[in-house]
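K.L.:
Those protein sequences? They're chains A and B, same order as listed.
Per the numbering used here: the first sequence = residues 1 to 379.
Per the numbering used here: the second sequence = residues 380 to 679.
Rather than coming from a laboratory, the hints here were simulated on the basis of the structure.
Heads up, a few of these hints could be off.
[To be verified] Pairs of lysine to any residue residues, derived as SDA-like cross-links and limited to a Cα-Cα distance of at most 25 Å, are as follows:
no., chain 1, residue 1, chain 2, residue 2
1, A, K73, B, A453
2, B, K600, A, A93
3, B, K600, B, A619
[Unchecked claim] Here are the in silico distance ranges between beta carbons for each label pair:
no., chain 1, residue 1, chain 2, residue 2, range
4, A, P37, B, L513, 57 to 65 Å
5, A, K70, B, W461, 26 to 34 Å
6, A, D21, B, S571, 34 to 42 Å
7, B, I667, A, K167, 49 to 57 Å
For glycine and all other residues, C-beta sits at the position ideal for the given N, C-alpha and C.
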Amino acid sequence: MVRVRYDDVTKRYGNEIGAKDIDITIDDGEFAVLLGPSGCGKTTTLRCLAGLTDPTEGEIRIDGTDITDKHPKNRDIAMVFQELALYPHMDVAANIGYPLKVEGVDKATRRERVEEVAETLDIGELLDRETDELSGGQRQRVAIGRAIIRRPSVFLMDEPLASLDAKLKVEMRNEIKKLQRELGITTLYVTHDQEEAMTLGDTLIVMNDGTVQQVGTPTEVYHDPANQFVAGFIGSPSMNFLQVRREAVGSQRVVAADDATFSFSVTGLPTAVDDTEPFVLGVRPQYFSVHQSPVDGAAKAEVTVTEPMGDEQLLTVQLAGDSKELAVRAPFDVAVSRGDTIWLGVSADSAYVFNAETGARIRQTEASPDAAVPTGSRP
Amino acid sequence: MSLQSNTAVGGHYESALLWVEDHLRWILTLPALAVLAAFFVYPVGRALVLSLYQFDTAGRHFVGLGNYVAILTAGAFWQSLWITAKFMFFAVSFEVGLGIAIAFVLNSKVRFRGLVQTIGLVPLVISPTVVALLWQLLYQNGGVLDSLVAPLTNGPVPWLSDPSIALYALVLPDVWQMTPLVTLIVLAGLQSVPDHVQEAAMMDGAGRMRRLIDVTLPYIKELIVLVLILRIVGTMRVFAKVFVLTRGGPAKSTEVISMAMYREAFSYGNYGRASTMALLLLLIALAITYAFATVSEVEF
Numbered sequence: 001m002v003r004v005r006y007d008d009v010t011k012r013y014g015n016e017i018g019a020k021d022i023d024i025t026i027d028d029g030e031f032a033v034l035l036g037p038s039g040c041g042k043t044t045t046l047r048c049l050a051g052l053t054d055p056t057e058g059e060i061r062i063d064g065t066d067i068t069d070k071h072p073k074n075r076d077i078a079m080v081f082q083e084l085a086l087y088p089h090m091d092v093a094a095n096i097g098y099p100l101k102v103e104g105v106d107k108a109t110r111r112e113r114v115e116e117v118a119e120t121l122d123i124g125e126l127l128d129r130e131t132d133e134l135s136g137g138q139r140q141r142v143a144i145g146r147a148i149i150r151r152p153s154v155f156l157m158d159e160p161l162a163s164l165d166a167k168l169k170v171e172m173r174n175e176i177k178k179l180q181r182e183l184g185i186t187t188l189y190v191t192h193d194q195e196e197a198m199t200l201g202d203t204l205i206v207m208n209d210g211t212v213q214q215v216g217t218p219t220e221v222y223h224d225p226a227n228q229f230v231a232g233f234i235g236s237p238s239m240n241f242l243q244v245r246r247e248a249v250g251s252q253r254v255v256a257a258d259d260a261t262f263s264f265s266v267t268g269l270p271t272a273v274d275d276t277e278p279f280v281l282g283v284r285p286q287y288f289s290v291h292q293s294p295v296d297g298a299a300k301a302e303v304t305v306t307e308p309m310g311d312e313q314l315l316t317v318q319l320a321g322d323s324k325e326l327a328v329r330a331p332f333d334v335a336v337s338r339g340d341t342i343w344l345g346v347s348a349d350s351a352y353v354f355n356a357e358t359g360a361r362i363r364q365t366e367a368s369p370d371a372a373v374p375t376g377s378r379p
Numbered sequence: 380m381s382l383q384s385n386t387a388v389g390g391h392y393e394s395a396l397l398w399v400e401d402h403l404r405w406i407l408t409l410p411a412l413a414v415l416a417a418f419f420v421y422p423v424g425r426a427l428v429l430s431l432y433q434f435d436t437a438g439r440h441f442v443g444l445g446n447y448v449a450i451l452t453a454g455a456f457w458q459s460l461w462i463t464a465k466f467m468f469f470a471v472s473f474e475v476g477l478g479i480a481i482a483f484v485l486n487s488k489v490r491f492r493g494l495v496q497t498i499g500l501v502p503l504v505i506s507p508t509v510v511a512l513l514w515q516l517l518y519q520n521g522g523v524l525d526s527l528v529a530p531l532t533n534g535p536v537p538w539l540s541d542p543s544i545a546l547y548a549l550v551l552p553d554v555w556q557m558t559p560l561v562t563l564i565v566l567a568g569l570q571s572v573p574d575h576v577q578e579a580a581m582m583d584g585a586g587r588m589r590r591l592i593d594v595t596l597p598y599i600k601e602l603i604v605l606v607l608i609l610r611i612v613g614t615m616r617v618f619a620k621v622f623v624l625t626r627g628g629p630a631k632s633t634e635v636i637s638m639a640m641y642r643e644a645f646s647y648g649n650y651g652r653a654s655t656m657a658l659l660l661l662l663i664a665l666a667i668t669y670a671f672a673t674v675s676e677v678e679f
């Protein structure tokens with residue numbers, strides 16, 4: 001059992017906040033991913049667990065034992081660095097075997113374990129090579145090998161795939177996931193790449209401005225975002241956000257907040273949405289219904305860019321009378337081109353509502369049976 | 380001008396450009412090669428020629444390898460070589476040892492590091508002759524150094540006039556002047572060790588000592604070898620400090636090779652012998668450099 005617990009951990013650099021009030025638990029054998037834009041505090045959070053950064057406040061526990069003040073070498077944690085940090089003057093075998101050498105394991109046993117790990121990572125034939133003779137992917141494997149040879153209780157990875165090309169990234173991603181499952185080591189992984197996070201993690205910890213925004217499974221974080229930041233950060237292309245208000249008190253029609261230039265019907269808006277105050281409507285590109293003729297309740301828009309992507313196409317559109325551009329995914333057989341007029345429908349069950357000032361999610365408080373699809377067909 | 384001649388001019392211009400492009404590497408390296416030839420190849424060649432002649436009042440006459448035989452079989456040369464070696468050993472040991480130690484201290488987050496580094500550069504930019512003159516003042520009978528060691532001694536110390544300590548009194552100014560150079564070079568090396576590699580070693584369980592041996596030293600090995608070679612060759616040709624402070628005395632106890640060379644050439648007018656010594660010194664320097672680079676497996 002290796003359970004990692006952050007207890008209100010805060011790290012300040014002078015007046016700057018690195019990470020604030022981090023309060024998370026990573027369960028035994030879990031693959032947790034810290035996800036967020038650069039500078040959001042995810043690496044600081046990871047380094048606090050590694051022992052490379054001292055938290056200003058709070059405690060970190062592994063299986064209930066406070067390790068906050070322990071030296072990194074006494075934490076039984078292994079880490080793969082973004083820069084990989086291979087020892088340039090040692091060959092591959094020496095790099096992988098280094099943690100065992102430090103532990104005082106004899107040469108023969110060391111070699112045996114190194115070969116075993118190399119076999120697992122499919123780099124058995126590279127053991128006598130120098131590290132500067134290796135390709136990016138091979139170097140990656142060596143770094144992982146060095147981290148797993150000690151069979152640590154916690155495994156940390158700080159953007160380990162950042163320097164690889166797209167194809168290799170996908171390949172290594174799968175291998176890391178497989179390896180983590182096989183070894184069952186509690187893992188904390190840092191990335192800014194949401195696709196990587198979604199495919200790897202059992203749990204995503206989404207961070208922004210030094211604080212945790214949401215903790216949840218990839219599905220939860222995607223389909224049930226806690227706030228506008230998470231909704232906008234997860235998903236590609238990003239969720240569209242529109243500043244709107246109800247057209248009239250109690251109306252199920254929303255209009256552009258400032259000048260009512262466009263309007264939608266969104267049946268089943270959360271009852272908590274104020275009748276007159278503006279709010280933010282969030283719609284993922286694939287959840288607009290696209291019509292080529294006027295439809296009741298749909299908003300008129302002009303297509304400015306079309307990007308065919310095989311089975312579907314990505315449209316950039318501009319709502320009539322509004323300068324904001326929206327991303328819309330439409331089936332490939334919707335025949336539109338630049339300059340065409342289309343009508344966009346939105347259904348309440350696939351739209352998200354956020355507080356215009358705080359970005360907090362406004363949820364449906366009472367079940368509304370007629371929430372679904374008032375206009376057009378689902379894309 | 381006719382069309383034909385126009386084309387001809389254009390053709391010449393073009394072929395000149397092509398010629399320049401083809402020979403660009405030579406054109407660009409020529410100035411450096413010229414300097415090298417003027418200040419290295421020519422003097423060495425000239426010394427080689429001079430070393431084959433004997434100079435006396437009657438002029439010069441060819442003696443073949445006579446100078447080499449005479450020098451290598453006379454005790455004086457070996458004596459000077461031994462004195463130079465002693466000077467080299469003490470000066471280089473202190474300079475490199477102290478320089479590395481200071482570099483490590485400065486590399487750990489010391490306050491006012493920039494200031495310390497700048498002050499450390501001061502001795503380096505002073506000419507060796509001026510350094511020697513400064514130290515002459517310090518070594519004066521009843522001078523600063525005497526008053527510093529006064530509680531430990533009975534009266535003034537004959538720093539430069541006692542044959543048993545004069546050589547060490549010469550080592551001191553050299554250490555004072557050249558230690559900052561070692562510090563500077565080693566510090567640059569230490570700062571080039573990436574933090575993440577140090578941290579990786581920390582995560583791999585390595586303590587401070589282990590990291591020093593397994594990570595830091597391999598990173599700065601080349602620079603240490605470089606600095607050793609620089610200082611060995613530097614101390615081998617020490618001259619200004621000896622000339623100003625002791626002139627090789629007392630009783631030839633500080634007669635380093637360059638001093639012997641100077642005396643041979645400018646006191647006795649025997650340029651042949653002086654050139655021979657210079658060439659032998661060059662050979663020794665080359666041999667030491669080669670040996671160091673080979674043993675430490677460093678390529679420059």
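K.L.:
Could you run down the list of hints and mark each one as holding or not?
P.N.:
Hints and how they fare:
1. Restraint check for A/K73 and B/A453: not satisfied, since their Cα atoms lie roughly 62 Å apart, outside the 25 Å limit.
2. For a cut-off of 25 Å, the pair hint linking B/K600 to A/A93 stands: about 22 Å separates their Cα positions.
3. Of the supplied pair hints, the one linking B/K600 and B/A619 is violated, its CA atoms being roughly 31 Å apart against a limit of 25 Å.
4. Judged by the Cβ atoms, the range 57 to 65 Å given for A/P37 and B/L513 holds: they are separated by roughly 59 Å.
5. In this structure the supplied range 26 to 34 Å is violated for A/K70 paired with B/W461, their Cβ-Cβ distance being about 56 Å.
6. At about 38 Å, the CB distance of A/D21 to B/S571 agrees with the hint of 34 to 42 Å.
7. At about 53 Å, the CB distance of B/I667 to A/K167 agrees with the hint of 49 to 57 Å.
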